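Number of protein chains: 2
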Amino acid sequence: MKILVLGSDGYIGYPLTQHLLKEGHQVIGLDNYSRRGRVSYLGSNSLTPIKEPDIRTKYLNTLGEYLGTIQHTLNEHSIDGLKNAIRKFSPSNNSIDAIVHLAEQPSAPWSMFNAQQAVITQRENVLGTLNLLWIMKEICPEAHLVKLGTMGEYGTPTCDIPEGVIPEDCIGNIQDEDHGSVAECPMSNLLFPRTPGSFYHLTKVHDTYNIHFACRNWGLRSTDIMQGVLFGLESGTRFDYDEYFGTAINRFCVQAIIGMPLTIYGLGQQTRGFLPLKDSIQCLIIALENPPELGEYRTLNQFENIYSINELANMVCRGAKQLGIHASISHIPNPRKEAEEHYYNPDHQKLFDLGYIPTTNIQGEINNLLETILPYKDQVIKDVIMPKTNWRLTNG
Amino acid sequence: MKILVLGSDGYIGYPLTQHLLKEGHQVIGLDNYSRRGRVSYLGSNSLTPIKEPDIRTKYLNTLGEYLGTIQHTLNEHSIDGLKNAIRKFSPSNNSIDAIVHLAEQPSAPWSMFNAQQAVITQRENVLGTLNLLWIMKEICPEAHLVKLGTMGEYGTPTCDIPEGVIPEDCIGNIQDEDHGSVAECPMSNLLFPRTPGSFYHLTKVHDTYNIHFACRNWGLRSTDIMQGVLFGLESGTRFDYDEYFGTAINRFCVQAIIGMPLTIYGLGQQTRGFLPLKDSIQCLIIALENPPELGEYRTLNQFENIYSINELANMVCRGAKQLGIHASISHIPNPRKEAEEHYYNPDHQKLFDLGYIPTTNIQGEINNLLETILPYKDQVIKDVIMPKTNWRLTNG
Numbered sequence: 002m003k004i005l006v007l008g009s010d011g012y013i014g015y016p017l018t019q020h021l022l023k024e025g026h027q028v029i030g031l032d033n034y035s036r037r038g039r040v041s042y043l044g045s046n047s048l049t050p051i052k053e054p055d056i057r058t059k060y061l062n063t064l065g066e067y068l069g070t071i072q073h074t075l076n077e078h079s080i081d082g083l084k085n086a087i088r089k090f091s092p093s094n095n096s097i098d099a100i101v102h103l104a105e106q107p108s109a110p111w112s113m114f115n116a117q118q119a120v121i122t123q124r125e126n127v128l129g130t131l132n133l134l135w136i137m138k139e140i141c142p143e144a145h146l147v148k149l150g151t152m153g154e155y156g157t158p159t160c161d162i163p164e165g166v167i168p169e170d171c172i173g174n175i176q177d178e179d180h181g182s183v184a185e186c187p188m189s190n191l192l193f194p195r196t197p198g199s200f201y202h203l204t205k206v207h208d209t210y211n212i213h214f215a216c217r218n219w220g221l222r223s224t225d226i227m228q229g230v231l232f233g234l235e236s237g238t239r240f241d242y243d244e245y246f247g248t249a250i251n252r253f254c255v256q257a258i259i260g261m262p263l264t265i266y267g268l269g270q271q272t273r274g275f276l277p278l279k280d281s282i283q284c285l286i287i288a289l290e291n292p293p294e295l296g297e298y299r300t301l302n303q304f305e306n307i308y309s310i311n312e313l314a315n316m317v318c319r320g321a322k323q324l325g326i327h328a329s330i331s332h333i334p335n336p337r338k339e340a341e342e343h344y345y346n347p348d349h350q351k352l353f354d355l356g357y358i359p360t361t362n363i364q365g366e367i368n369n370l371l372e373t374i375l376p377y378k379d380q381v382i383k384d385v386i387m388p389k390t391n392w393r394l395t396n397g
Numbered sequence: 002m003k004i005l006v007l008g009s010d011g012y013i014g015y016p017l018t019q020h021l022l023k024e025g026h027q028v029i030g031l032d033n034y035s036r037r038g039r040v041s042y043l044g045s046n047s048l049t050p051i052k053e054p055d056i057r058t059k060y061l062n063t064l065g066e067y068l069g070t071i072q073h074t075l076n077e078h079s080i081d082g083l084k085n086a087i088r089k090f091s092p093s094n095n096s097i098d099a100i101v102h103l104a105e106q107p108s109a110p111w112s113m114f115n116a117q118q119a120v121i122t123q124r125e126n127v128l129g130t131l132n133l134l135w136i137m138k139e140i141c142p143e144a145h146l147v148k149l150g151t152m153g154e155y156g157t158p159t160c161d162i163p164e165g166v167i168p169e170d171c172i173g174n175i176q177d178e179d180h181g182s183v184a185e186c187p188m189s190n191l192l193f194p195r196t197p198g199s200f201y202h203l204t205k206v207h208d209t210y211n212i213h214f215a216c217r218n219w220g221l222r223s224t225d226i227m228q229g230v231l232f233g234l235e236s237g238t239r240f241d242y243d244e245y246f247g248t249a250i251n252r253f254c255v256q257a258i259i260g261m262p263l264t265i266y267g268l269g270q271q272t273r274g275f276l277p278l279k280d281s282i283q284c285l286i287i288a289l290e291n292p293p294e295l296g297e298y299r300t301l302n303q304f305e306n307i308y309s310i311n312e313l314a315n316m317v318c319r320g321a322k323q324l325g326i327h328a329s330i331s332h333i334p335n336p337r338k339e340a341e342e343h344y345y346n347p348d349h350q351k352l353f354d355l356g357y358i359p360t361t362n363i364q365g366e367i368n369n370l371l372e373t374i375l376p377y378k379d380q381v382i383k384d385v386i387m388p389k390t391n392w393r394l395t396n397g
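These protein sequence lines map, in sequence, to chains A and B. Residues 2 to 397, numbered by this note's numbering, are exactly what the first sequence covers, in order. Residues 2 to 397, numbered by this note's numbering, are exactly what the second sequence covers, in order.
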């Protein structure tokens, strides 16, 4: 397949590109390197060293048919620039088989910092994806859009979470006011209601609705990935641990190796889906190699399993102990407004049905990660770790 | 109450402002006059003459405590300009009791014209409202946001449509994959799934989710109005009949008076909620005078009743006949992709419970409208009426 990877310089994009090339696919990359810029703006860095873009490109060329990197921003501006850039690498219409879209601002706290960052996040993510849909309509309406969403779209409702749409065995009975009778009203196949928890998470919901419409209205096809929280290191990708771009387990591991208490936001009973980065790569490739029909909008809930934050922090402490490090845990007031004790039962069967073989040894993965980052402990910038963004009405 | 009306120069905003002043409320208006500009850009006009903004302001001053008009755009740019403009009229925090938000790009075909117009529509509507939420958080977190959405958010699902959220008597049973048991999973109070039909309608869905979050996260309060299709004339407001800004009945009435066949898109069995403009004003005032609790997100489905397009076209023909005009009907290929035969049973009880007294004589309203616009028939610009935007994948 000829695959365009948007966000090919990112945490997922760079290892994904390598794996796709090794699988024999042709790949075109696209990135604007905004992640490098933003992390550096925060005064942070990737803990493990990463290569400059041109060195990465040279390396990718050794792995397979890497067609080149488009340096371009996917944003709200005119679609012509991006369209022409894509056409340079793939001149004829319908010659791109799939587009993996990982090119969004991925930080929830960043989107909650102030009005300006909230607007920038919604503008980049929602309008960028909206323009991409129009480009696909014009130059590759049969291509398969694999789009990164988040399990955070669903929030933590008091019912089971299906994969994207309300399942067929869920019957809604709604009183008919006029006639006093009770009608059986199947809501099946309507989009399952979302209850996201930040303006970033909302962008993924907005994307979901825009993509769903493009599939219904224009007959595009898409796999919308509701991904859990990632962790781990893979294939020379970046490793962020700051408040904004560091995910929970990655942050805990960094805290452990520098002897800082693992900071849990609130009670730590928040439960989420998690997965190692290598499982994310595996799942994305499975999605690409099993495209939906034309016109189909498909959702995959993508995570290895669900864990509470406390469980994961304890695993990090156990892993640290094996390296001779005594790690402790500290509960701090939750800067986010989220249910800390809640029901959580999301479905994730579809990827298993397509052949996903999960990493079941999460403790082992955490141990490996700790070992990998330990040599870099002197490079950790401590003051980017603790949360400074308050999501609530009043600061203080 | 001190009420800020965003879009105070618009089709609804201008008559609403007059009625609020007559009810004894203090009103601040805000508009950027983009509707005047856009209709003129299309080569169209308001069929009935409208006064210049400064004449309108002078008139509003005679009706009650009109505090002034802010000429400002609600968009994605810095919130400081807008915040300062509002503060000029209402300096102290929490001194605004309610904000009626009618300041969005309201045309579905406009949003489907090309990528650029789709992006402009989503940028203006979604990011404008997002900035408004941050402004409210800062200067009036207790104010009541009355926001204009659309019944089009829901689309035409095969089940009854509740008011905003999944009702309590709708029980969802979702199979628990791991244990083989069937759990009872109430989805009640989750947002009812939306299936909108254009990038414009999608902006209203995105707004819904952003506002819902602001209520949950910051404790703002809002009434989100899912309004049906408006028609009619009231209090010297504008009257558009072009493809983009003219609603169905208004367009039919104009076609009738100029002897052009009423153009029905497709079969005409599409059924929607409709209401006269004067009912919209009545309902908005009811919503304002019955605010929800702090932190509450409330949806009102706002329409008089549901009608098929064929029924309404026939009413327009009957009304025309009384004026001695023989009007005919012509079915043209539907430029929109929508179900033409479908189930439709939306709830709209809440406004009735709050005291809404609907105009039940829709035929009479249509007759009045025809009589009112008949003197302007020579001013009709014919070539703006027929649809030129194709919503489908391929043009042609």
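FYI, nobody ran anything at the bench for these hints, they're computed from the structure. If you're wondering where the values come from, they're calculated on a predicted model, not measured in any experiment. Accuracy of the hints is not assured; some may be wrong.
Stated by the list, open to error - To be clear about the criterion: a stretch of chain B counts as covered by chain A if any three or more of its residues have a C-beta under 8 Å from a C-beta of chain A, and this derived list gives those stretches:
#, segment
1, 48 to 60
2, 74 to 85
3, 112 to 120
Said to hold, decoys possible - Straight line, CA to CA, 25 Å or less: simulated SDA-like cross-link-like pairs of lysine to any residue:
#, chain 1, residue 1, chain 2, residue 2
4, B, K138, A, N391
5, A, K3, A, S91
6, A, K338, B, K3
7, B, K338, A, G296
8, A, K59, A, K89
9, A, K338, B, K138
10, B, K138, A, W219
11, A, K84, B, W392
12, B, K279, B, G237
13, B, K3, A, L394
14, B, K389, A, W219
15, A, K138, B, K338
16, A, K338, B, L295
17, A, K389, B, W219
18, A, K338, B, G220
All residues carry an ideal CB built from backbone N, CA and C; glycine is no exception.
These are the hints, each one checked on the structure:
1. Closer than 8 Å: that is the beta-carbon criterion, and the segment 48 to 60 of chain B has 0 residues meeting it against chain A, so the requirement of 3 is violated.
2. With a cut-off of 8 Å between beta carbons, the segment 74 to 85 of chain B has 3 residues touching chain A; three or more are needed, and the interface restraint holds.
3. Beta-carbon proximity to chain A at under 8 Å applies to 5 residues in the segment 112 to 120 of chain B; the threshold of 3 is reached and the given coverage holds.
4. As the CA atoms of K138 of chain B and N391 of chain A are separated by approximately 13 Å, the hinted pair is consistent with the 25 Å bound.
5. As the CA atoms of K3 of chain A and S91 of chain A are separated by approximately 9 Å, the hinted pair is consistent with the 25 Å bound.
6. Of the pairs offered as hints, the one joining K338 of chain A and K3 of chain B is violated, with about 31 Å between alpha carbons and a cut-off of 25 Å exceeded.
7. Only pairs whose Cα atoms come within 25 Å are accepted, and K338 of chain B paired with G296 of chain A is accepted, the gap being roughly 13 Å.
8. Restraint check: the Cα-Cα separation between K59 of chain A and K89 of chain A comes to about 19 Å, which is no more than 25 Å; the hinted pair holds.
9. Between K338 of chain A and K138 of chain B, the direct Cα distance comes to roughly 15 Å. Compliance with the 25 Å bound is thereby established for this hinted pair.
10. For a cut-off of 25 Å, the pair hint linking K138 of chain B to W219 of chain A is broken: about 38 Å separates their Cα positions.
11. Taking the CA atoms of K84 of chain A and W392 of chain B, the gap is about 21 Å. The hint holds against a cut of 25 Å.
12. As the CA atoms of K279 of chain B and G237 of chain B are separated by approximately 12 Å, the hinted pair is consistent with the 25 Å bound.
13. For the hint linking K3 of chain B to L394 of chain A, the alpha-carbon distance of about 23 Å falls within 25 Å, and the restraint holds.
14. Under the criterion of a C-alpha separation no larger than 25 Å, the hint pairing K389 of chain B with W219 of chain A is consistent with the structure, at around 18 Å.
15. Of the pairs offered as hints, the one joining K138 of chain A and K338 of chain B holds, with about 15 Å between alpha carbons and a cut-off of 25 Å not exceeded.
16. Between the alpha carbons of K338 of chain A and L295 of chain B the distance comes to roughly 17 Å, so the proposed pair stays at or under 25 Å and holds.
17. With a CA separation close to 18 Å, the supplied pair K389 of chain A and W219 of chain B stays within the 25 Å bound.
18. At roughly 11 Å between alpha-carbon atoms, K338 of chain A and G220 of chain B fall within 25 Å of each other, so this suggested pair holds.
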